[in-house]
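Colleague: Chains as they are written, first to last, in our numbering: chain Z, 284 to 757; chain P, 284 to 757; chain W, 284 to 757.
Hints are supplied without guarantee of correctness; some may be wrong.
A pair holds if it fits inside one copy or across any two, identical chains being indistinguishable in the list.
The calculated lysine-lysine pairs, modelled on BS3-like cross-linking and capped at a C-alpha distance of 27 Å, are [said to hold, decoys possible]:
1. Lys-301 with Lys-679
2. Lys-432 with Lys-753
3. Lys-555 with Lys-432
4. Lys-380 with Lys-432
5. Lys-679 with Lys-630
6. Lys-600 with Lys-630
7. Lys-610 with Lys-525
8. Lys-622 with Lys-600
9. Lys-749 with Lys-622
10. Lys-610 with Lys-555
11. Lys-630 with Lys-753
12. Lys-546 with Lys-610
13. Lys-753 with Lys-433
14. Lys-753 with Lys-446
15. Lys-749 with Lys-679
16. Lys-301 with Lys-610
17. Lys-464 with Lys-753
18. Lys-380 with Lys-622
19. Lys-753 with Lys-414
20. Lys-414 with Lys-551
21. Lys-555 with Lys-749
22. Lys-610 with Lys-749
23. Lys-525 with Lys-446
FYI, nobody ran anything at the bench for these hints, they're computed from the structure.
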Amino acid sequence: MADQLMLDENRFFDADPKIRGIAAKLYHSVESLPIISPHGHTEPRWFSENEPFPDPTALILIPDHYIFRMLYSQGVTLESLGVPTRDGTPVESDHRKIWQCFADHFYLFAGTPTAAWLKHEFSVVFEVDEKLTSRSALAIYDHIAAQLKKPEFRPRAILERFKIEVLSTTDAAESPLPHHKTIRDSGWAGRIIPAFRPDGVTDISRPDWRHNLAVLSVTTGLDISSFAVFIDALELQRRFFKSLGATSTDHGVLTPFTQELSKTAAEKIFQKALAGTADETEARQFTAHMLMEMARMSVDDGLVMQIHPGSLRNHNKFIFDRFGLDKGADIPQQTEFTKNLQPLLNKFGNNTNFSLILFTLDESTYSRELAPLAGFYPCLKLGPPWWFHDSIEGMKRCRQRVIETAGFYNTAGFNDDTRALLSIPARHDLARRVDSNFLAGLVARHIIDFAEAEDLVYELTHGLVKRAYKLDDV
Amino acid sequence: MADQLMLDENRFFDADPKIRGIAAKLYHSVESLPIISPHGHTEPRWFSENEPFPDPTALILIPDHYIFRMLYSQGVTLESLGVPTRDGTPVESDHRKIWQCFADHFYLFAGTPTAAWLKHEFSVVFEVDEKLTSRSALAIYDHIAAQLKKPEFRPRAILERFKIEVLSTTDAAESPLPHHKTIRDSGWAGRIIPAFRPDGVTDISRPDWRHNLAVLSVTTGLDISSFAVFIDALELQRRFFKSLGATSTDHGVLTPFTQELSKTAAEKIFQKALAGTADETEARQFTAHMLMEMARMSVDDGLVMQIHPGSLRNHNKFIFDRFGLDKGADIPQQTEFTKNLQPLLNKFGNNTNFSLILFTLDESTYSRELAPLAGFYPCLKLGPPWWFHDSIEGMKRCRQRVIETAGFYNTAGFNDDTRALLSIPARHDLARRVDSNFLAGLVARHIIDFAEAEDLVYELTHGLVKRAYKLDDV
Amino acid sequence: MADQLMLDENRFFDADPKIRGIAAKLYHSVESLPIISPHGHTEPRWFSENEPFPDPTALILIPDHYIFRMLYSQGVTLESLGVPTRDGTPVESDHRKIWQCFADHFYLFAGTPTAAWLKHEFSVVFEVDEKLTSRSALAIYDHIAAQLKKPEFRPRAILERFKIEVLSTTDAAESPLPHHKTIRDSGWAGRIIPAFRPDGVTDISRPDWRHNLAVLSVTTGLDISSFAVFIDALELQRRFFKSLGATSTDHGVLTPFTQELSKTAAEKIFQKALAGTADETEARQFTAHMLMEMARMSVDDGLVMQIHPGSLRNHNKFIFDRFGLDKGADIPQQTEFTKNLQPLLNKFGNNTNFSLILFTLDESTYSRELAPLAGFYPCLKLGPPWWFHDSIEGMKRCRQRVIETAGFYNTAGFNDDTRALLSIPARHDLARRVDSNFLAGLVARHIIDFAEAEDLVYELTHGLVKRAYKLDDV
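Please take these sequences and the hints and turn them into a complete structure.
Modeller: Printed below as a string of structure tokens:
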């Protein structure tokens with residue numbers, strides 16, 4: 284039937300029968316492996332409280348910037364999609380109406396990963412058997428709403444049902460991690476771990492910096508009035524995160540610029556920041572120095588360091604003023620790694636105890652800078668295609684440009700980087716398919732043989748990610 | 284026969300039989316649709332006067348910089364190709380001899396879009412049935428020359444024969460558009476519309492700026508001695524262009540840098556420019572401010588704004604001094620959109636009445652900047668691959684890097700951007716084939732289904748371009 | 284057998300049967316053509332002395348930075364691989380043990396060109412019939428060691444056996460070329476020619492600059508105490524290189540920045556450099572000026588000029604301090620050609636006697652800058668994908684981005700750029716296969732016809748490289 288929602292078993296594989304046949308075999312060898320999710324943005328609260336998720340619109344649409352940025356680009360206002368305003372100005376609250384609007388515009392997503400993920404989520408997770416159209420919208424809404432009330436759709440049950448072996452959240456450095464503590468104390472076997480993200484306290488140009496610092500003081504019980512104590516507080520919190528299972532830190536910076544300051548210079552900028560008088564250049568130097576400090580701490584405590592550079596946040600002031608952060612208005616810019624990372628790599632990069640995973644939004648750096656760097660420095664691994672590039676063609680471009688120089692073993696497997704828990708199975712399935720297909724292309728051209736491909740598809744699914752994020756070290 | 288000129292019916296489609304089959308079906312559904320040509324550089328005079336075109340060399344070779352730049356790169360002088368000099372120094376005038384030289388070098392174009400377009404033009408437009416070789420050169424010359432004398436090869440007949448539904452020229456902002464007026468007054472049904480291109484009066488660093496400004500004064504009857512009157516004159520001319528059917532403006536700038544100046548600052552630079560004392564920085568600021576002004580006017584009058592940045596004009600001084608503008612010596616350079624366009628997008632980008640179409644010569648910006656921007660700002664659409672990238676592989680790269688983030692509906696369909704009227708059917712046919720093939724690849728991999736592809740191939744051929752350029756709004 | 288080393292006869296061709304069939308036919312037409320190697324880093328001493336090569340580890344592993352950078356990236360120390368230290372600190376000297384370590388890690392190279400080259404080298408050159416594994420490592424070592432003792436594995440025999448028609452080394456400008464003289468005087472028919480590389484004397488920021496200049500004084504017998512005499516010495520050496528068969532020069536620069544200095548300014552910087560007081564800006568200007576001087580000399584003496592820009596040398600100070608130059612720590616950075624080369628191209632680029640071959644490590648410049656430049660300036664040809672991009676996917680990307688704008692005839696065929704003599708047959712075979720496959724893709728899509736492809740595959744193998752490097756001009 285034209286309206287039936289069916290996922291083809293060979294979806295995302297090349298049309299060529301030889302490649303498709305090999306790809307299918309490789310995919311079947313990893314299809315049912317547990318999911319490893321070492322980097323993402325789900326809420327730890329979901330798993331500590333284990334309450335039912337809200338309705339389909341609140342769960343699937345309103346928090347997903349992939350969805351509302353596309354609708355906004357075509358003239359649908361964020362208010363009409365129920366995105367909450369900062370000042371509390373009321374927005375559309377009829378969630379069935381919002382869902383209908385989304386369904387009316389679902390054709391906009393043709394050819395995007397969002398469409399691929401949602402079709403998988405609808406079909407496999409919620410057992411919807413009709414395509415999402417204007418006509419089917421509300422029936423599907425009601426079907427999903429009913430599913431969400433069942434016990435098997437509670438957060439912990441979802442985790443178990445989809446064999447998510449480990450799931451890392453991302454947490455502010457200053458957080459006391461109450462939900463992670465509750466989860467640990469609950470005796471539940473699920474492995475939900477935090478990741479240490481200090482941007483809120485290392486970027487002195489943020490309007491909320493002093494607030495975040497105050498929270499860090501409270502959490503650590505330290506009076507953070509000097510740079511030295513600030514460093515102590517961060518080291519303390521890293522130990523605390525580790526005690527709750529953390530294996531990594533994450534750093535979102537505009538550029539990967541690194542530079543070591545003298546203690547005196549760092550202290551001086553820190554004091555100016557406390558006094559609210561630090562300028563932009565000082566903020567840039569401070570962030571560069573804090574990346575050096577974080578690398579040093581990683582050498583000491585073994586936490587894997589992740590750098591996510593190159594996103595110019597809140598490009599659209601109108602949207603930021605009205606709706607706040609993370610509303611789809613983060614736009615990539617050119618990124619330079621070779622010179623920016625040289626100080627950090629020269630100081631720590633030859634240390635085999637140090638592990639640094641790099642991400643990029645600037646694909647021109649894959650073959651020019653990232654693969655040559657990762658194919659040389661012992662500390663480096665390349666993360667999977669990030670954000671806009673977490674897609675079928677994006678993954679293919681990354682592999683084509685990286686592997687010949689860096690090999691497979693200097694990459695870090697897949698991660699989903701999502702706040703949409705129910706899309707996790709879809710995202711990992713898509714990645715496994717694209718990896719299987721890429722390897723099949725190498726086998727068909729006799730670049731590798733089938734036995735090598737079998738090893739590699741397992742590595743790309745499990746081996747590389749577990750080792751890169753030290754997830755077997757428990 | 285080895286020497287027979289034959290266009291394969293499946294040309295440009297993938298070799299894979301599954302993809303090829305789907306591509307052919309999609310192509311046949313749009314193959315015969317009328318041509319929409321919203322951006323180009325044909326001469327309005329052709330259609331007002333409707334005289335026969337000159338001989339093959341004067342029509343096809345001498346004005347085509349794709350052709351003579353390739354021949355020049357291989358040591359053929361522009362003089363020997365009949366390209367006129369600025370100072371009137373005589374050049375080769377035997378057009379049969381020039382044609383022979385071109386045919387002798389036609390092998391240089393193997394694998395280029397020029398070869399694909401010319402083969403289509405020879406075969407379909409002129410019904411040539413032999414390949415162009417040294418041996419066949421003059422027979423083909425004579426055949427085409429004879430065709431050009433027939434009534435069905437006059438400009439208006441060509442337009443009708445190839446179903447060119449609308450054709451936009453590009454016209455200096457200061458032009459009184461005499462030919463467009465003549466065409467309108469002639470009662471002929473063909474739709475030839477102007478596009479408003481103000482670079483000659485907004486770029487104060489041009490040697491001909493004061494001359495262009497003087498023409499603008501004459502055309503508008505305004506004494507343009509102040510920035511305020513300059514703005515009035517531009518607004519007046521935009522209304523005049525609209526009255527003759529214009530739906531768009533076009534801006535060729537070195538960078539898409541935008542920045543708002545105060546009225547006082549703008550006036551000050553304008554006065555310095557009039558006095559001939561403005562420096563390079565001021566010229567850059569003035570151009571940046573004029574893009575803001577043009578966006579503001581577009582919000583007011585609804586003309587669609589196009590920006591074509593990133594071409595360093597007249598790279599080769601020797602060629603420029605001897606032969607002048609547009610002699611193939613324009614070379615692309617790196618282009619930055621994210622920060623450069625932020626002021627303009629913040630001021631006008633959330634306005635759904637504003638429509639801005641972006642082009643690039645720097646393909647690294649497709650996935651890094653352009654797709655993320657177009658997938659978010661309501662005003663933005665991405666133009667088709669421009670100039671050097673208007674080619675089979677160029678189109679494929681653009682789709683592969685743009686669609687997953689921006690979707691199809693934030694793109695603006697195809698345009699031919701050509702001064703070669705007789706290549707227009709070839710260029711649109713090639714684009715329809717490449718689009719059909721791209722969609723077929725998605726269908727074969729079950730990323731979209733065939734019904735979606737059918738809708739999309741129509742959109743890429745007609746729907747998107749008509750809406751993006753407001754061509755149905757008449 | 285799973286452990287048998289077999290090279291599939293259709294390796295590196297697309298899986299599609301139509302493309303594969305055409306590719307195989309094209310490949311067979313050039314498979315046995317002699318090898319032209321116009322740019323590389325083999326030792327002329329090998330051919331003057333014609334001694335047996337040392338053991339497999341000393342020959343194949345220790346000098347190959349592709350190999351040890353990958354092993355180093357995965358935690359294998361350079362000491363354990365036998366890479367000699369600058370201060371003579373002892374390193375691993377058991378070459379069988381090093382070979383075993385390499386074999387244990389050979390899986391890291393899956394999907395890299397190193398694996399493809401080595402498999403060819405083992406199979407075709409050394410007639411190894413087992414895959415390299417931990418288990419087979421020492422047997423293969425012993426087999427190759429035995430082969431190397433045979434007369435047919437001496438350098439001159441290798442050259443003849445693999446039909447290497449011409450082989451260019453790369454030689455310091457100040458070299459007296461003793462081995463090239465010995466080869467010439469020996470009466471042996473092999474064509475080993477030098478290439479003139481003046482970086483050591485044109486880059487005044489190098490620590491060894493004054494030493495190199497002193498050698499140049501000795502070699503030329505000139506007292507190089509002024510810029511004018513420096514220029515005389517270079518011209519003298521170029522004539523000397525030519526007399527020993529050189530047809531080209533090579534310039535490794537951080538950026539392709541060119542700028543002409545007045546004689547006075549050049550002399551002033553030269554004197555400061557002699558006094559050790561020139562700063563970084565002056566060094567940059569001097570290098571830029573020397574590129575202009577070298578272009579001028581090329582116009583005079585006809586030597587083909589090659590520019591290899593964009594590699595930041597010795598990125599890893601630890602490795603540089605301990606092991607010295609060329610240890611895999613050279614990392615690419617962004618490169619700009621359009622503006623940097625404009626002075627040189629404006630002064631010499633329209634001269635058909637001048638020939639300039641450009642290379643890049645920044646693939647974003649292929650379609651944006653290099654193809655548009657090469658498709659216009661008569662002097663320009665594009666070199667093959669360089670270094671990290673000398674690979675299956677790298678070659679494909681280069682062709683896809685360059686050919687549509689520049690055509691095939693503005694490229695310079697293939698060169699291997701290697702110091703690994705025994706990999707030369709493998710590298711040329713891979714390039715011929717990838718070129719055949721690329722052309723087959725064009726034939727299958729009816730972009731070119733089979734007869735054109737036959738001409739082009741010959742051109743890509745012989746015609747273009749011989750003309751670009753003036754190798755037929757003897």
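Colleague: All hints, please: hold or fail.
Modeller: Hint by hint, here is what the structure shows:
In the homo-oligomer, the alpha carbons of Lys-301 and Lys-679 lie at most 27 Å apart both inside one protomer (18 Å) and across protomers (21 Å), since each shortest distance falls under that limit. Within a single copy, Lys-432 and Lys-753 get their C-alpha atoms no closer than 36 Å, and across copies no closer than 47 Å, so neither meets the 27 Å cut-off. In this assembly of identical chains, Lys-555 and Lys-432 lie within 27 Å of each other by CA distance neither inside one copy nor across copies; the values are 52 Å within and 71 Å between. Within a single copy, Lys-380 and Lys-432 get their C-alpha atoms as close as 20 Å, which meets the 27 Å cut-off; across copies the closest is 63 Å, which misses it.
Neither within a single protomer nor between protomers do Lys-679 and Lys-630 lie at most 27 Å apart by alpha-carbon distance, with minima of 33 Å and 37 Å respectively. Taking CA atoms no more than 27 Å apart as the test, Lys-600 paired with Lys-630 passes between copies only; the shortest distance there is 9 Å, against 39 Å inside one copy. Taking CA atoms no more than 27 Å apart as the test, Lys-610 paired with Lys-525 passes in neither setting, with 31 Å inside one copy and 37 Å between copies. Proximity of Lys-622 to Lys-600 under the C-alpha cut-off of 27 Å is restricted to the inter-copy arrangement: shortest distance 13 Å between copies versus 31 Å within a copy.
For a Cα distance limit of 27 Å, the shortest separation of Lys-749 from Lys-622 qualifies neither inside one copy, at 30 Å, nor across copies, at 38 Å. In this assembly of identical chains, Lys-610 and Lys-555 lie within 27 Å of each other by CA distance neither inside one copy nor across copies; the values are 31 Å within and 43 Å between. Proximity of Lys-630 to Lys-753 under the C-alpha cut-off of 27 Å is restricted to the intra-copy arrangement: shortest distance 22 Å within a copy versus 47 Å between copies. In the homo-oligomer, the alpha carbons of Lys-546 and Lys-610 never lie at most 27 Å apart, since the shortest distance is 38 Å inside one protomer and 34 Å across protomers.
In this assembly of identical chains, Lys-753 and Lys-433 lie within 27 Å of each other by CA distance neither inside one copy nor across copies; the values are 35 Å within and 49 Å between. For a Cα distance limit of 27 Å, the shortest separation of Lys-753 from Lys-446 inside one copy, 19 Å, qualifies, whereas the shortest one across copies, 51 Å, does not. In this homomeric assembly, Lys-749 and Lys-679 come within 27 Å of each other (Cα to Cα) only inside a single copy, at 22 Å, whereas the closest approach across copies is 33 Å. In this assembly of identical chains, the alpha carbons of Lys-301 and Lys-610 never lie at most 27 Å apart, being 43 Å within a copy and 40 Å across copies at closest.
In this assembly of identical chains, Lys-464 and Lys-753 lie within 27 Å of each other by CA distance solely inside one copy; the values are 21 Å within and 58 Å between copies. Neither within a single protomer nor between protomers do Lys-380 and Lys-622 lie at most 27 Å apart by alpha-carbon distance, with minima of 51 Å and 36 Å respectively. For a Cα distance limit of 27 Å, the shortest separation of Lys-753 from Lys-414 qualifies neither inside one copy, at 41 Å, nor across copies, at 32 Å. Proximity of Lys-414 and Lys-551 under a CA criterion of 27 Å is satisfied in neither setting, with 60 Å inside one chain copy and 61 Å between copies.
Taking the shortest Cα distances, Lys-555 and Lys-749 never come within 27 Å of each other, neither inside one copy (42 Å) nor across copies (56 Å). In this assembly of identical chains, the alpha carbons of Lys-610 and Lys-749 never lie at most 27 Å apart, being 32 Å within a copy and 30 Å across copies at closest. Only within a single protomer do Lys-525 and Lys-446 lie at most 27 Å apart by alpha-carbon distance; the minimum there is 23 Å, versus 62 Å between protomers.
When each numbered hint is compared with the structure, violations occur for hints 2, 3, 5, 7, 9, 10, 12, 13, 16, 18, 19, 20, 21, 22.
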